[in-house]
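Engineer: Listed below, chain by chain, are the residues.
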Amino acid sequence: MNLNVGSSGLRRANDPPLLILVSLADGPKHGHALAKDIEDFAGVKLGPGALYGAITRLVERGLIEPLGGDDRRRPYQITPPGSAALAGALADMRRITRAGANRLGLDPA
Amino acid sequence: MKAARLLRWYPRAWRERYGEELLALIQDTLDEGRPTWRLRLGVISGGLRERAHEAGQAVRAAINPRSGPNLWAKVLVAGTTVALLPQNLSESPSPARGWQAVAAFDAVLAAVALTGAVVVAGGLAALPALVRFLQAGGWPKIRRRVAWAAGATVAAGGGLAALVLVVDSRSPGQLDASWVYLVGWLATGLAIAVAIGLWATAAAATAGHLALVPRVRAVQLVLGAVAAPLVTLVLVTLNLWWSATQSAVWLVAVPVFLGSASVDAWQRVPRAVRRGGRLRAAASGTTIINPSAQRTHGRHRA
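The listed protein sequences correspond, in order, to chains A and B.
Counting in this note's numbering, the first sequence runs from 1 upward without gaps.
Counting in this note's numbering, the second sequence runs from 1001 upward without gaps.
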């Protein structure tokens, strides 16, 4: 299912950029820690190519930023615009989830 | 598998910024015993996506809806126009149009000289910063663009020389009936346009690396704003010359070029003067302006 989440610019629940933002929401992480965390909480295995492609786009959009330190394992942290975009995406998903649950007669809680 | 070789699939700028990090992540992933063929495919497809992304950005920048199509159309017209010059110069005007042709040709030369002077002045203003950049080892950063532009210039020059030889050995009637000449003219015109475009992008890329003092930056802003309408002026004078030497039909193109210049092009000059003034005023505390460092592009952050 393709959840088009327009207001935040994040398109699907399993989009690498969205998963990275969720992972960074509780603190900075470098590439390998990000991949492990995303695999743990979402069950999605992001390869190095996909992960760094998404990191590049997020840095370009100013949603995450690199921290100083070891060049080879540079940690990234979410920025205030990144937090806002993530909050918007989650709100959109919550709205869609609620609509789906209502239509299926499930408990939305 | 040598992980470093996989990085070749990525654009150079991307490698310089993220290459070491990606290598570290690849190494960490390999240490976990993940299948290398899958990892290799993922990295290669990531590199191709980055190259496609970079190419897309370059195309979008080239066809900027505000000024791009107008600018690139002018470059194309300028290229094909230069390719026509061997034939134009070999044809003598009718006696009845003699003085108009001479006056129109003088106007072309004056417009070309003025435009060239503006472009050269802009280059000279940035020359000290360019020398500093090259002395600091900056040549590898612009080498590839300059090499492409130089290669295109050699190809365009060869085409132009061939056209001169063909024009010298054929009558105007023979040239008009020759499809080989037509193809040669179109190919040479395109090569010249490509060379102009490549030099323009090489100059823009080089300018992004230069640390310019605010006064020089202000001067370049004004010169850049003046250069665009001057290119239109060159094309207009060329049309007047053609109308004097060949057919009055070419006069139809004059309002087209003047229209393409648009009011906006002439508004850019006072706007550039105002921006230059603000730049110098704002620089009272800081003395160095680097355009690339001013972008809010994430990859420029520390």
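Simulated from the structure, these hints should not be mistaken for laboratory data.
Errors might be hidden in some of the hints.
[As the list claims (entries may be wrong)] Below, in silico cross-link-like pairs of lysine to any residue (SDA-like), each with a Cα-Cα straight-line distance of 20 Å or less:
1. K45/A with A1103/B
2. K45/A with L1041/B
3. K45/A with D1028/B
4. K45/A with L1030/B
5. K36/A with M93/A
6. K45/A with R1275/B
7. K36/A with E1032/B
8. K45/A with Q1027/B
9. K36/A with G1116/B
10. K45/A with L1223/B
11. K36/A with L1030/B
12. K45/A with V1222/B
13. K1141/B with K36/A
14. K1002/B with R72/A
15. K45/A with R1017/B
16. K1002/B with K36/A
17. K45/A with T1081/B
18. K36/A with R1049/B
19. K45/A with G1098/B
20. K45/A with R61/A
21. K45/A with V1226/B
22. K45/A with H1209/B
23. K45/A with R1040/B
24. K45/A with L1165/B
25. K36/A with L1039/B
26. K45/A with W1037/B
27. K45/A with S1243/B
28. K45/A with A1152/B
29. K45/A with L1124/B
30. K36/A with D1031/B
31. K45/A with D1176/B
32. K45/A with A1024/B
Engineer: Run every hint past the structure and note whether it holds.
Structural biologist: Verification of the supplied hints:
1. K45/A with A1103/B: The given pair, whose Cα atoms are some 73 Å apart, is violated under the 20 Å limit.
2. K45/A with L1041/B: Distance ~14 Å between K45/A and L1041/B Cα, so the pair holds.
3. K45/A with D1028/B: holds (14 Å)
4. K45/A with L1030/B: Roughly 14 Å separates the two Cα atoms, so the pair holds.
5. K36/A with M93/A: violated (24 Å)
6. K45/A with R1275/B: violated (50 Å)
7. K36/A with E1032/B: Distance ~11 Å between K36/A and E1032/B Cα, so the pair holds.
8. K45/A with Q1027/B: holds (16 Å)
9. K36/A with G1116/B: Violated, at roughly 59 Å.
10. K45/A with L1223/B: violated (53 Å)
11. K36/A with L1030/B: holds (13 Å)
12. K45/A with V1222/B: Roughly 53 Å separates the two Cα atoms, so the pair is violated.
13. K1141/B with K36/A: violated (36 Å)
14. K1002/B with R72/A: holds (17 Å)
15. K45/A with R1017/B: Cα-Cα ~24 Å, so violated.
16. K1002/B with K36/A: It is violated: about 23 Å lies between the C-alpha atoms, which goes past 20 Å.
17. K45/A with T1081/B: violated (56 Å)
18. K36/A with R1049/B: violated (23 Å)
19. K45/A with G1098/B: violated (78 Å)
20. K45/A with R61/A: violated (24 Å)
21. K45/A with V1226/B: Judged against 20 Å, a Cα distance of about 55 Å means the pair is violated.
22. K45/A with H1209/B: violated (39 Å)
23. K45/A with R1040/B: This hinted pair holds, its Cα atoms lying about 15 Å apart.
24. K45/A with L1165/B: Not OK: K45/A and L1165/B at ~64 Å, beyond 20 Å, violated.
25. K36/A with L1039/B: holds (15 Å)
26. K45/A with W1037/B: holds (15 Å)
27. K45/A with S1243/B: It is violated: about 68 Å lies between the C-alpha atoms, which goes past 20 Å.
28. K45/A with A1152/B: Answer violated: K45/A to A1152/B is near 46 Å, above 20 Å.
29. K45/A with L1124/B: violated (54 Å)
30. K36/A with D1031/B: holds (13 Å)
31. K45/A with D1176/B: It is violated: about 65 Å lies between the C-alpha atoms, which goes past 20 Å.
32. K45/A with A1024/B: holds (17 Å)
In summary, the numbered hints that this structure violates are 1, 5, 6, 9, 10, 12, 13, 15, 16, 17, 18, 19, 20, 21, 22, 24, 27, 28, 29, 31.
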